[in-house]
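Top line first, the protein sequences correspond to chains G and U. The numbering of the first sequence is my numbering, which starts it at 1 and goes up by one. The numbering of the second sequence is my numbering, which starts it at 332 and goes up by one.
If you're looking for bench data, these hints aren't it; they were derived computationally from the structure. There are no misleading hints in this set.
Some chain U residues close to chain G (C-beta under 7 Å, calculated; not the full set): (1) Trp355; (2) Cys363; (3) Ser366; (4) Val429; (5) Gly432; (6) Leu466; (7) Trp523; (8) Thr553; (9) Pro578; (10) Ala585; (11) Ala600; (12) Leu603.
Quick reminder that beta carbons are idealized off the backbone N, C-alpha and C, glycines included.
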Amino acid sequence: MNAVGASLMRAERAPLPRRRTTRAGAWNADRLYRIVLRALATTVFAIVALMVFEMVQGAAPTLRMFGARFLATTDWDPVFDKFGALPYLYGTLVSSGLALLLALPPALWAAIYLAELARPRLGATLAFVIELLASIPSIVYGIWGVFVLAPWLRTAIEPWLIAHLGFLPLFQGFPFGLGMLNAGIVLAIMITPTIVSLSREILLSTPGALREAALALGATRAEAIAVTVGAARPGIVGAVILALGRALGETMAVTMVIGNTNHISASLLAPGATMASVIANEFTEASDHLHLSALFEIALLLFALTLVVNGLARLLVLWTLGGRRDVARAT
Amino acid sequence: MSRARPEGYPPLAVRGPSLDRRLWNHALIAICYLSTALLMLPLALIIWHLVANGITALTPGFFIHMPKPVGEPGGGMANAIVGTLIVTGIGLALAFPVGVGTGVCLAEHGDGRFGHLVRYTADVLGGVPSIVVGLTTYALVVLPMGRFSALAGGIALGILMVPTIARSTEEVVRLVPESYRHAALALGAPGWKVTQDVVIPAARAGIVTATLLALARAAGETAPLLFTALGNRFWSTALDRPIASLPVMIYDYARAPYADWNRQAWAGALLLLLLVTVVSAVLRATTRRIGRT
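Take these sequences, add in the hints, and give me the full structure.
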């Protein structure tokens, strides 16, 4: 699927002449065919509408009972019908933010290497490998996080952090291995391929004249790269936000490594929980009406959050790529 | 260095960039190289650990035996492998017509307001976290049916596949040269025949590839199956009963406190990785070649 070819083709497309039917307004195969296609396309619309409807309906009892308090309180006690989603909101934002913090610098530099420095053949091959890594199922990352990363963190990395950076509230406590830090690292590894391959595409799509002009003026390679990156900045920001959207909704890997407690702790070593992980953990065991409703409301919140984040990202990517939808879609 | 210049002009000095600019240049390039190597490290580690831990348990018995009770050595995931095939098969059967129909509709008639709306909705659906898809499928299918079922799992995976298939189909159908359509129309073919018999066959390879990529991705999904297909320790192929699937079984086995089960979880994860990644690799490599020629 040659994307550049696609956009050229679209530009050349001339409007087709409307085919005149012999009997005006008569039922014909053409109209029927179009109606079938439209019906199928409407299904997509119907799926999303139904999903939103079901979530709102499912969440109605807690929405009515707690209102905005749902977002601001930290109690989560199904036995006493107390539900506050703040710990989960906090866990989702902190684990994803940590992942972004860890993944962003190396991912961007790697994208620059692949787009600007590597020989085109090598760059394309490495980008292909990195794209493949994006297709690894999240359960696989989860298993690695539990059985390999957690023991490392518990025995080596976290004790070191406590000994040397323990004066910061971020690194106080007990080395569990499972917790916010583990979730952040696993998420960082998971979103790296998205950031790298999208940023590379965007860097490659910037006009070559920019770089050539910079070099002709006597800029070093690094300075020429800075010019290109500057031109690609909105698109790169979009790619990063798109990766953030993936991290926010990631379920299995995070559920396995985050430790699952609903305490808000300043320390990254402490266990926590995210919106996605609490749904995965509690939904099959939730028998109480209000408990189910609270989980539906969390799903609704997560849906709204990813909707906003993805919308923002897509806008930025489309803006820089000028309608290259294939890249915007490649989440 | 100076060159001959016209009278009255000072000699032109040509100097390279200053030392700090050169240092900065080399530093940045070095950082880029190092970062790429650094990124490859955890990914290589994950694959290495998977192979090292999973390969011993990935015996022929793993594919043909049923799970054994705790404590008994051996046993396999035969039911989960078949279950995954069934559930993804249902998902494919549901998502393929909807996805391809939507994609063709968007490519051929999708420039109006309706097309933009559908395209936007498909993008929204593509960004919905898979756990949310699982939860809503529970409300839509499991609650009315009264029990967890393979069908519900298939529907959840189908919902996940639709946007991927639709948007990829749109892209490949748009790649079909306009001259094909003009030629067919000039021969007197009605519009629907042009789409059905000329445009879609021309885009067939791309549509199949996109569908298989979506299928491979869906086969590795765990979260949407937790509250729909649920899982099953026993052999079941009934569509209206809970059914085992590879990802859910891996999840259960990885959480269990038995070393033997954990080993099997590693083997299952390795199998899943091979399944998903090899399929994706082969497909992507072949489409690249098609795209280039």
